[in-house]
Every structure is written in C-alpha cells, then in structure tokens.
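K.L.:
So you can see what is in the structure, the chains are spelled out below.
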Amino acid sequence: MHAARNIALCTKDCVCLFVCPTGATDTENGQIDFSKCLSGCRLCVDACPSHAIYLVSSNYPKPQKKETEVKDSLFDLAASKVKQESMAKALASESDDPVFRQLCKSVAMSNHIMAEDCYREAGYILPQSDAVRSLLKDLLAKEEGKADFPADAVRKLLEKL
Amino acid sequence: MLRRLRVEDDMREMTHGELAAMCTNLQKACSKQLRSEEAQLFGLLAAFYEEGREKQEGCGYQDLLDTINEDLASGYQRANAVACKNQDRGSLRALVWGEKVSKLLKSLLVRYEKQKNSLLDGTNVYVCEICGFVYVGEQPPAICPICKVPSFKIQAVQKEAI
Numbered sequence: 041m042h043a044a045r046n047i048a049l050c051t052k053d054c055v056c057l058f059v060c061p062t063g064a065t066d067t068e069n070g071q072i073d074f075s076k077c078l079s080g081c082r083l084c085v086d087a088c089p090s091h092a093i094y095l096v097s098s099n100y101p102k103p104q105k106k107e108t109e110v111k112d113s114l115f116d117l118a119a120s121k122v123k124q125e126s127m128a129k130a131l132a133s134e135s136d137d138p139v140f141r142q143l144c145k146s147v148a149m150s151n152h153i154m155a156e157d158c159y160r161e162a163g164y165i166l167p168q169s170d171a172v173r174s175l176l177k178d179l180l181a182k183e184e185g186k187a188d189f190p191a192d193a194v195r196k197l198l199e200k201l
Numbered sequence: 135m136l137r138r139l140r141v142e143d144d145m146r147e148m149t150h151g152e153l154a155a156m157c158t159n160l161q162k163a164c165s166k167q168l169r170s171e172e173a174q175l176f177g178l179l180a181a182f183y184e185e186g187r188e189k190q191e192g193c194g195y196q197d198l199l200d201t202i203n204e205d206l207a208s209g210y211q212r213a214n215a216v217a218c219k220n221q222d223r224g225s226l227r228a229l230v231w232g233e234k235v236s237k238l239l240k241s242l243l244v245r246y247e248k249q250k251n252s253l254l255d256g257t258n259v260y261v262c263e264i265c266g267f268v269y270v271g272e273q274p275p276a277i278c279p280i281c282k283v284p285s286f287k288i289q290a291v292q293k294e295a296i
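Taken in order, these protein sequences are the chains called D and P. Counting the first sequence from 1 gives a position; the working numbering is that position plus 40. Counting the second sequence from 1 gives a position; the working numbering is that position plus 134.
Derived by calculation from the structure, the hints in this document are not laboratory data. Note that the structure is a prediction, hence the values are computed from the model and not measured. Where hints are given, some of them may not hold.
Within a straight-line C-alpha distance of at most 25 angstroms, the following computed PhoX-like cross-link-like pairs (lysine-lysine) qualify [stated by the list, open to error]:
1. D:Lys200 to P:Lys248
2. D:Lys145 to P:Lys189
3. P:Lys166 to P:Lys237
4. D:Lys102 to P:Lys166
5. P:Lys250 to P:Lys240
6. P:Lys240 to P:Lys166
7. P:Lys282 to D:Lys76
8. D:Lys105 to P:Lys240
9. D:Lys106 to D:Lys177
10. D:Lys196 to P:Lys250
11. D:Lys145 to P:Lys219
12. P:Lys162 to P:Lys248
13. D:Lys106 to D:Lys129
14. D:Lys186 to P:Lys237
15. P:Lys162 to P:Lys219
16. P:Lys166 to P:Lys189
17. P:Lys248 to P:Lys234
18. P:Lys240 to D:Lys182
19. P:Lys293 to D:Lys129
20. D:Lys200 to P:Lys282
21. P:Lys282 to P:Lys166
22. D:Lys129 to P:Lys234
23. D:Lys145 to P:Lys248
24. D:Lys52 to P:Lys248
25. P:Lys237 to P:Lys250
DEER-style ranges, computed between Cβ atoms [unchecked claim]:
26. D:Cys50 to P:Val244: 43 to 51 angstroms
27. D:Leu78 to P:Pro275: 19 to 27 angstroms
28. D:Glu184 to P:Pro275: 41 to 49 angstroms
29. D:Lys76 to P:Ser165: 29 to 37 angstroms
30. P:Gln196 to D:Ala181: 22 to 30 angstroms
31. D:Lys182 to P:Asp200: 27 to 35 angstroms
32. P:Gly192 to D:Lys177: 44 to 52 angstroms
Glycine residues also receive a C-beta, built at the ideal position from the N, C-alpha and C atoms.
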C-alpha cells in the first residue's frame with residue numbers, strides 16, 4: 041500500500057516533504073515516488089492539511105460473487121450498447137456533415153461508456169481478479185499468432201496483475 | 135456474420151467490439167490505481183480489438199433508434215429483474231444510470247430527426263466520461279445530472295469536417 045497525491049487537491053502546503061522519512065514525496069513531477077514510499081507508513085496522508093494524499097491498495101479483497109444470470113443480462117446489454125456504438129460510428133463515417141458527425145460521435149462515445157460500465161458491474165471492476173486473469177489467458181490461447189495481436193502485452197499483464 | 139470468440143469460464147462469446155469496451159474498462163481501472171504500465175498494455179489490447187470491430191455499414195438512423203428502443207422496452211427490464219432478485223447493488227446502480235442515459239439519447243435522436251442541424255448549430259455537445267450522459271448546450275452542468283460527477287469529467291465533443 042503506497043501513498044499517492046491528487047494534484048487537483050494539493051495546495052502546496054508541503055507538509056508531506058517535512059514528514060516523509062524517505063523523500064518519496066519530494067519529486068519534480070508532482071506525484072509521489074512509489075518506489076521510495078514505505079508500505080502502510082501513511083505519515084504524509086495524515087499530515088496533509090488539504091487531504092490531497094491517499095493510500096493506493098496493493099491487495100484488494102476478492103470481488104463479490106456475480107450470479108451468472110446477472111452477468112448474462114449485463115453482457116446482453118453491453119452487446120447492445122457496442123452494437124449501437126458501431127452503428128453510430130458507421131453513420132458518422134458515411135456522412136460528410138460535421139454536425140451530424142458530431143451527434144453520431146457523441147452517441148458512439150456514450151454507448152462505449154455504458155458498455156464499459158456493464159462490464160465493470162458484470163465482475164470486471166478490478167483488473168487484479170480471477171475473472172480478468174482467465175479472460176486474458178483465454179484471449180492469449182485463442183489469438184496467439186494472429187497478425188497484430190499484442191501477445192507480449194497480454195503475457196506481461198498476466199505477470200503483473 | 136460477426137466473428138465471435140468464446141471467452142471465460144461460462145464460455146460466453148464476445149465480439150471484437152465487445153472486447154474493445156472490456157479492455158478500455160480495464161485500462162481505466164488500472165489508471166485509477168495509478169498502474170500506468172498495465173493501463174498502457176490494456177490500451178494496446180483495446181486498440182487491437184477496436185481495429186477488428188465488426189462494422190455496421192449501411193445501417194440507418196432508424197436502426198439505431200430501434201436498438202435503443204429495444205433496450206428500453208426489454209433489456210433494462212430483464213436486467214433489473216435479475217439484479218433485484220439477486221440484490222446486486224452495483225448492477226442496479228449501473229442499470230439506473232444506463233436506463234436514464236438511454237432515454238435521453240433516444241429523445242436527443244428523436245429531436246434531431248425533427249430539428250436537424252438547427253438542434254446543434256451554434257451550441258456545444260458534451261459527454262459525461264463516467265456515465266455517458268450527453269448534454270447539448272453552451273456550458274456543461276456543474277455536476278452530471280445522472281451520476282453526479284463534477285463537470286471536469288464532462289467532455290466537449292468537437293464538430294469535425296472530414
């Protein structure tokens with residue numbers, strides 16, 4: 041568990057520089073140096089007067105079980121949203137009217153976000169979960185060797201998650 | 135026909151378009167945890183599936199409206215019933231947002247049919263990055279009326295010529 045800074049809240053009080061035992065808060069990029077941060081130390085979190093520092097978990101609890109019928113109905117809805125996204129993209133690409141394209145682009149974006157949210161609630165909210173691991177393994181088994189499939193990226197994800 | 139992949143324990147089949155949305159969801163989840171390398175890797179995977187997205191060439195405006203109407207008439211009802219039965223708070227939350235956003239999308243598309251470009255001329259279009267709420271107007275609302283996220287998460291969509 042390491043500390044992280046929300047730049048939007050930080051008012052440069054710099055108390056974190058004063059309390060940090062390792063200098064992890066003293067960086068040029070405004071973020072905390074995670075490699076120097078002591079797990080669970082949280083001195084900076086408690087000291088920050090603007091509540092701009094928080095702890096990022098490294099071990100999340102197991103996600104709650106998703107019932108198959110719930111998952112199925114969310115996957116069905118997501119499929120419909122993805123179809124609408126593709127339809128809106130097709131309508132945009134077949135039109136040369138910038139206003140109509142703007143409308144279609146917005147509809148496509150909106151549907152993409154709704155599809156993502158369906159997957160999130162269908163059991164894919166945390167990347168470090170069994171559901172995601174088994175999805176990645178499955179994709180690797182099926183797509184390995186196909187042109188342009190980023191197999192190395194999938195292997196790296198399986199290693200890191 | 136759509137190219138489909140059988141995926142995961144219950145062997146659900148997913149299209150490339152569906153996998154693109156799945157992967158951008160996981161990309162965002164990694165970014166939230168400040169895991170920028172993992173986020174970038176999911177981004178690569180999402181781009182691969184986006185490239186292979188099943189095209190809906192030749193579909194009409196009415197086809198799009200029909201699909202939204204289908205969701206509103208049956209998709210949300212079905213999903214709400216099972217989420218309710220299983221007391222799945224998270225799913226019920228997503229369904230409430232999604233149904234509201236879909237109703238507003240439908241009304242936007244119906245209004246556009248009547249008013250054509252005059253609906254969007256001289257004003258802006260915004261999309262909430264969190265729930266997908268589409269807003270037409272000068273300035274985005276201070277908080278999203280659907281999911282209540284502050285306006286810095288509500289993005290303007292530009293008018294672009296080809």
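K.L.:
Each hint: holds or not?
P.N.:
Here is what the structure says about each hint:
This hinted pair does not check out: Lys200 (chain D) and Lys248 (chain P) have alpha carbons roughly 52 angstroms apart, beyond 25 angstroms. Distance check on the hinted pair: Lys145 (chain D) and Lys189 (chain P) sit about 15 angstroms apart at the alpha-carbon level, within 25 angstroms; holds. Taking the CA atoms of Lys166 (chain P) and Lys237 (chain P), the gap is about 29 angstroms. The hint is violated against a cut of 25 angstroms. Pair hint Lys102 (chain D) plus Lys166 (chain P) holds up; C-alpha atoms about 18 angstroms apart against a cutoff of 25 angstroms.
The suggested pairing of Lys250 (chain P) with Lys240 (chain P) holds, with an alpha-carbon distance near 15 angstroms, which does not exceed 25 angstroms. Between Lys240 (chain P) and Lys166 (chain P) the alpha-carbon distance is near 31 angstroms, which puts this suggested pair outside the 25 angstroms criterion. With a C-alpha separation of about 36 angstroms, the suggested pair Lys282 (chain P) and Lys76 (chain D) falls outside the 25 angstroms cut-off, and the hint is violated. About 33 angstroms separates the Cα atoms of Lys105 (chain D) and Lys240 (chain P), which puts this hinted pair outside 25 angstroms; it is violated.
With a C-alpha separation of about 20 angstroms, the suggested pair Lys106 (chain D) and Lys177 (chain D) falls inside the 25 angstroms cut-off, and the hint holds. At roughly 48 angstroms between alpha-carbon atoms, Lys196 (chain D) and Lys250 (chain P) are farther apart than 25 angstroms, so this suggested pair is violated. The straight-line distance between the Cα atoms of Lys145 (chain D) and Lys219 (chain P) is roughly 36 angstroms, outside the 25 angstroms bound, and the hint therefore fails. Between the alpha carbons of Lys162 (chain P) and Lys248 (chain P) the distance comes to roughly 37 angstroms, so the proposed pair goes past 25 angstroms and is violated.
Restraint check for Lys106 (chain D) and Lys129 (chain D): the C-alpha separation of about 32 angstroms exceeds 25 angstroms, so the hint is violated. Distance check on the hinted pair: Lys186 (chain D) and Lys237 (chain P) sit about 40 angstroms apart at the alpha-carbon level, beyond 25 angstroms; violated. With a C-alpha separation of about 30 angstroms, the suggested pairing of Lys162 (chain P) with Lys219 (chain P) is violated against the 25 angstroms cut-off. Taking the CA atoms of Lys166 (chain P) and Lys189 (chain P), the gap is about 31 angstroms. The hint is violated against a cut of 25 angstroms.
Simply put, Lys248 (chain P) and Lys234 (chain P) have alpha-carbon atoms about 22 angstroms apart, close enough for the 25 angstroms limit, and the pair holds. At most 25 angstroms may separate the alpha-carbon atoms for a hinted pair to count; Lys240 (chain P) and Lys182 (chain D) exceed this at roughly 37 angstroms. The hinted pair formed by Lys293 (chain P) and Lys129 (chain D) meets the criterion: a straight-line CA distance of about 14 angstroms does not exceed 25 angstroms. Proximity of Lys200 (chain D) to Lys282 (chain P) is assessed by CA-CA distance (about 33 angstroms); at most 25 angstroms being required, the pair is judged violated.
This hinted pair checks out: Lys282 (chain P) and Lys166 (chain P) have alpha carbons roughly 18 angstroms apart, not beyond 25 angstroms. Between Lys129 (chain D) and Lys234 (chain P), the direct Cα distance comes to roughly 22 angstroms. Compliance with the 25 angstroms bound is thereby established for this hinted pair. Between Lys145 (chain D) and Lys248 (chain P) the CA atoms are separated by roughly 19 angstroms; this keeps the pair inside 25 angstroms, and the hint holds. Pair hint Lys52 (chain D) plus Lys248 (chain P) does not hold up; C-alpha atoms about 52 angstroms apart against a cutoff of 25 angstroms.
Between Lys237 (chain P) and Lys250 (chain P) the CA atoms are separated by roughly 19 angstroms; this keeps the pair inside 25 angstroms, and the hint holds. Hint check: Cys50 (chain D) to Val244 (chain P), Cβ distance near 45 angstroms, so the stated range 43 to 51 angstroms holds. Checked against the given bound of 19 to 27 angstroms, the beta carbons of Leu78 (chain D) and Pro275 (chain P), roughly 42 angstroms apart, lie outside it. Under the hint 41 to 49 angstroms, the C-beta atoms of Glu184 (chain D) and Pro275 (chain P), about 46 angstroms apart, fit the expected range.
Between Lys76 (chain D) and Ser165 (chain P), the C-beta spacing of about 22 angstroms breaks the proposed range 29 to 37 angstroms. Checking the proposed 22 to 30 angstroms range against Gln196 (chain P) and Ala181 (chain D) shows it is violated: the Cβ atoms sit about 40 angstroms from each other. The beta-carbon spacing between Lys182 (chain D) and Asp200 (chain P), approximately 32 angstroms, falls within the hinted interval of 27 to 35 angstroms. At about 37 angstroms, the CB distance of Gly192 (chain P) to Lys177 (chain D) disagrees with the hint of 44 to 52 angstroms.
Of the numbered hints stated above, those contradicted by the structure are hints 1, 3, 6, 7, 8, 10, 11, 12, 13, 14, 15, 16, 18, 20, 24, 27, 29, 30 and 32, listed in ascending order.
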